[in-house]
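Protein sequences appear in the order of chains A and B.
Per my numbering, the first sequence starts with residue 966, numbered consecutively.
Per my numbering, the second sequence starts with residue -5, numbered consecutively.
None of these hints come from the bench; they were simulated from the model.
As the structure is a prediction and not an experimental result, all values here were calculated from the model.
Where is the CB? At the ideal position from N, CA and C, for every residue including glycine.
Wrong hints could be hidden among the right ones.
Subject to a maximum C-alpha distance of 25 Å in a straight line, what follows is the list of computed SDA-like cross-link-like pairs (lysine to any residue) [said to hold, decoys possible]: (1) A/LYS1286 - B/ASN129; (2) B/LYS271 - A/GLU1285; (3) B/LYS271 - A/GLU1385; (4) A/LYS1286 - B/ASP333; (5) A/LYS1405 - A/GLU1385; (6) A/LYS1286 - B/ILE340; (7) B/LYS303 - A/LYS1324; (8) B/LYS236 - B/ASN129; (9) B/LYS271 - A/PHE1287; (10) B/LYS282 - A/GLU1285; (11) B/LYS342 - A/PHE1287; (12) B/LYS342 - A/ILE1334; (13) A/LYS1324 - B/ASP176.
The following label-pair restraints were derived from C-beta to C-beta distances [to be verified]: (14) B/LYS304 - A/GLY1321: 53 to 61 Å; (15) B/LYS304 - A/TRP1382: 55 to 63 Å; (16) A/ASN1402 - B/ARG76: 50 to 58 Å; (17) A/ASN1242 - B/ASN286: 30 to 38 Å; (18) A/ALA1409 - B/GLY308: 31 to 39 Å; (19) B/PRO241 - A/ARG1312: 26 to 34 Å.
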Amino acid sequence: MKVLMFGWEFPPHISGGLGTACAGLTHALDKENVEVLFVVPKLHGGEKAVHASFIDASHIPILQQKPTAPLNTRNPDPGIQKSLKEGKSAKPKGNIQRIEVSSLLSPYTSVLSDARTAYGLESWNYFFDTFDERTIPGRRSHSPNVNGDTFEYVKEAYTFSGTYGPNLLEEVQRYAQTAREIAAENIFDVIHAHDWMTFLAGVQAKKISGKPLIVHVHATEIDRSGKQVNPQIFAIEKQGMMLADKVVTVSNWTKNIAVKYYAIDPDKIEVVHNGINPKPNFDTDALPPPLGSHIVTFLGRITHQKGPMYFVEAARRVLEKFPDAHFVVAGSGDQLPLMIERIAALRLSDHFHFTGFLKGVDIDRVWSISNVYVMPSVSEPFGIAPLEAIQAGVPVIISRQAGVSEVMPHAIKVDFWNSEALAEAICNLLRFKSLTNTLKKNSAEEIKSITWDKAAKKLTTLYYELTKKQEKPEKSDLLLSGSSAKKAAHPALF
Amino acid sequence: MANHCYLPTNALLLKLIRKNPAIKIAFSISGILIDQLEEYAPEVLDSFRTLAQTGSVDFLTETYYHSLACLIPGKEFDFQIRKHQERIEKLFGVRSNVFRNTELIYSDHIGQRISDLGFKGVLSDGIDRIIGHDNPHHVFEHPEADLKLLLRNYRLSDDIAFRFSQKQSPLTANQYMTWLNDIPVDQNVITLALDYETFGEHHKKETGIFTFLENLLTALARKKDYRFLTPSEAVEILPEHKTLSVPSFISWADEERDLSAWLGNEMQRDAFDSLLKLETDIKSLHNKSLLNTWRSLQTSDHFYYMSTKKGNDGGVHFYFSPYPSPYEAFINYMNVLTDFSLQINISKSANRIGQNLTTRVATEKKAAVVI
């Protein structure tokens, strides 16, 4: 079984959970004897997938409209040709091959919303930024041919940024173009595309190869943007889900969104919960908590989706009962100014501590001083942070609107909007050591069963089901009504 | 800053004073800056000392920490003024009877307190809403206290400080002299007060700012109808024009010229209140080092950086701020304050002195010059 997998990021170059999930899945799939050919917009170097081969899309020549250039620059650089070959033959270690596609996609916040706050604070936080100068939009000419300028079509590699920058939508289109080339030149059984940035690529690969397509929904535009949905992204998501042979969602919560907002047939959707990599040696030799023993932590992007304002309202109520409580806010995002202003208006600033965006050891240190972790997400497809908190021995309170709650019977759950209940839950954990201990013990036990292996097993079954379907003789199509009827309803992919 | 501004400007002033002993200058140097100069650039202090020895230079008194202490109930304001006065006297052998508050913040109430401390005069800003149709070219009087007010001519001051190189060709001393000459003779005092960093920092050497300063002072020294006075001399010699009432706070900052540059938004007020909440604890500890840190956290600049004003004023705040945004200024300040309050708690409970707190706070302070 060989899977052509389209991703957008891969550890260590990640800006969110998507890269982590892709790494977890590909590694676990290897154990199921599934070979993965992993395509990324751009290889940053240092990506380590023991069992994947990577394809760097930035080395795939695609047809591009260019202003007519002097002869000597017209021919693609032989270096590009060379690296193309190298890119394709990236030595497979184990079962995964990685393909890099040139990419311009960057954290979507900036493309989508005009609601960028002043000062660019959404990226305040020592954020990992890999903006490549070569991909600055101004450098490339895409102006329509209105001034009588001469254009020609040149087949050359497109340099992707592979981030979620201002050209995200353009990169998504380019990525899809490279997918056609990749699909034509590689052999595989199934196509698997992760999140909307790669959906068009998956669709194109299917069109060229005729192989079945799985789109994997880790997050939807509905979760990210609430009511201010970006119509272009929504359309891409919907197109991907409609044209896919199977839609995988990371939770029932997301499945319901796919059904409700994207009108996807529930029978076409399979829920595959995320896993978490075990982390046995949690380092807790940090200093004793300097702020006392009533520390409540919010860790995540400070965006509408994560419900930071509900955290503030709950904090206000908690402080009425625990005047010495402190609230650590680890993360950054476009609602940071709003959050700060609200806290200042409530005169609670000396109880709040903003760390900015954290990684690695710094996150461990936050866990080591936290008494409660709260994730009041408004809409969360899955949400890995509560599991990480549990691994670190921190009891968690999560909103019912988070997919992860489906796999966590031993967490306290409240509705995100109910700040009173949230405050009550926090107070109970601060007050009753026994409750904290029980939660920690039970959830540490249950977390052992939330694994990527489980997810990979489910996916492998899916792969075989889909390929089996394909192997059926051509004429039987006439007899089928279900999925092929739907396929027929969308004959043209673009 | 020392190399771009303080040292070259001081050298120039010394040269000019030696050539024309009639030239007089007043400086207002915060204690925070003096501390930093002592540690990092003692040669600057030496050059100020040399200027002091000419007898042509006055050193005004201000709050030691360039603080908003005038807004703190109790004796904190008085303490910081005394501390500054003593430091200046020890350093330069000068004890001025004129006070200038942080960023020229002033009100009748502040005037009364200054007078009670023995000052004869105060420097503030000649802003339109307090002088109305009058002009700032007189010595005014406090409505009750025995205190004289020198009002800065902000237009003429800003012509140098802000607008020196705004036009295509920079301002010339000749042009400036024609503006001064236009002022009727019965208006008997012109007070110019600017950031000292105007010379060589806000306007770099290449703009010709030093030539301008030299030409202007030389021209004024040569003209018989002009005379230099230090603020101390001005309040002694000149007759008072009339009383001036300033019921609510004024300052020289932003278009509002009130306290909104430092306490205009919720973050600024919360940060300031959080700082004040520590006062009782900190003072009960009798720990000099902690107390000094608490006072350093009062420096007005910390709050200035947290301003969320837009437009021209926002631009000026941003120019001075070391932070990319007011929110980061706020977060950093609050984090420092939290670390600091933990220190206080440790000292309080364990009754032992914490090691020196490393503040992450930028404490570079301005000097101001009064010509």
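Quiz item: Straight-line Cα separation of B/LYS303 and A/LYS1324 no greater than 25 Å?
Solution: At roughly 33 Å apart (the allowed maximum being 25 Å), A/LYS1324 and B/LYS303 break the hint.
Quiz item: Between B/LYS304 and A/TRP1382, does the C-beta distance stay in 55 to 63 Å?
Solution: Violated: the Cβ-Cβ distance is about 33 Å, outside 55 to 63 Å.
Quiz item: Regarding the pair A/LYS1286 and B/ASP333, is the alpha-carbon distance no greater than 25 Å?
Solution: holds, 23 Å
Quiz prompt | B/ASN286 and A/ASN1242 - C-beta distance against the hinted 30 to 38 Å | solution = violated, 49 Å
Self-check item: Satisfaction of hint between A/GLU1385 and B/LYS271, Cα-Cα up to 25 Å
Solution: violated, 28 Å
Practice problem: Could you see if the CB distance from B/PRO241 to A/ARG1312 stays within 26 to 34 Å? | Solution: About 28 Å separates the Cβ atoms of B/PRO241 and A/ARG1312, which means 26 to 34 Å holds.
Quiz prompt | Pair hint outcome, A/LYS1286 versus B/ILE340 [Cα-Cα no greater than 25 Å] | solution = holds, 24 Å
Self-check item: Distance restraint between B/LYS342 and A/ILE1334, which requires alpha-carbon spacing of 25 Å or less
Solution: holds, 22 Å
Practice problem: Using the Cβ atoms, figure out if A/ALA1409 sits within 31 to 39 Å of B/GLY308. | Solution: Distance hint for A/ALA1409, B/GLY308 is violated at roughly 50 Å.
Quiz item: Taken at face value, is the distance from the CA of B/ASN129 to the CA of B/LYS236 at most 25 Å?
Solution: Satisfied, since the Cα-Cα distance of roughly 12 Å is no more than 25 Å.
Practice problem: Determine whether the Cβ-Cβ distance between A/ASN1402 and B/ARG76 falls within the hinted range of 50 to 58 Å. | Solution: holds, 57 Å
Quiz item: Is B/LYS271 within 25 Å of A/PHE1287, Cα to Cα?
Solution: Distance ~18 Å between B/LYS271 and A/PHE1287 Cα, so the pair holds.
Violation of the numbered hints given earlier is confined to hints 1, 3, 7, 10, 13, 14, 15, 17 and 18; the remaining hints are satisfied by the structure.
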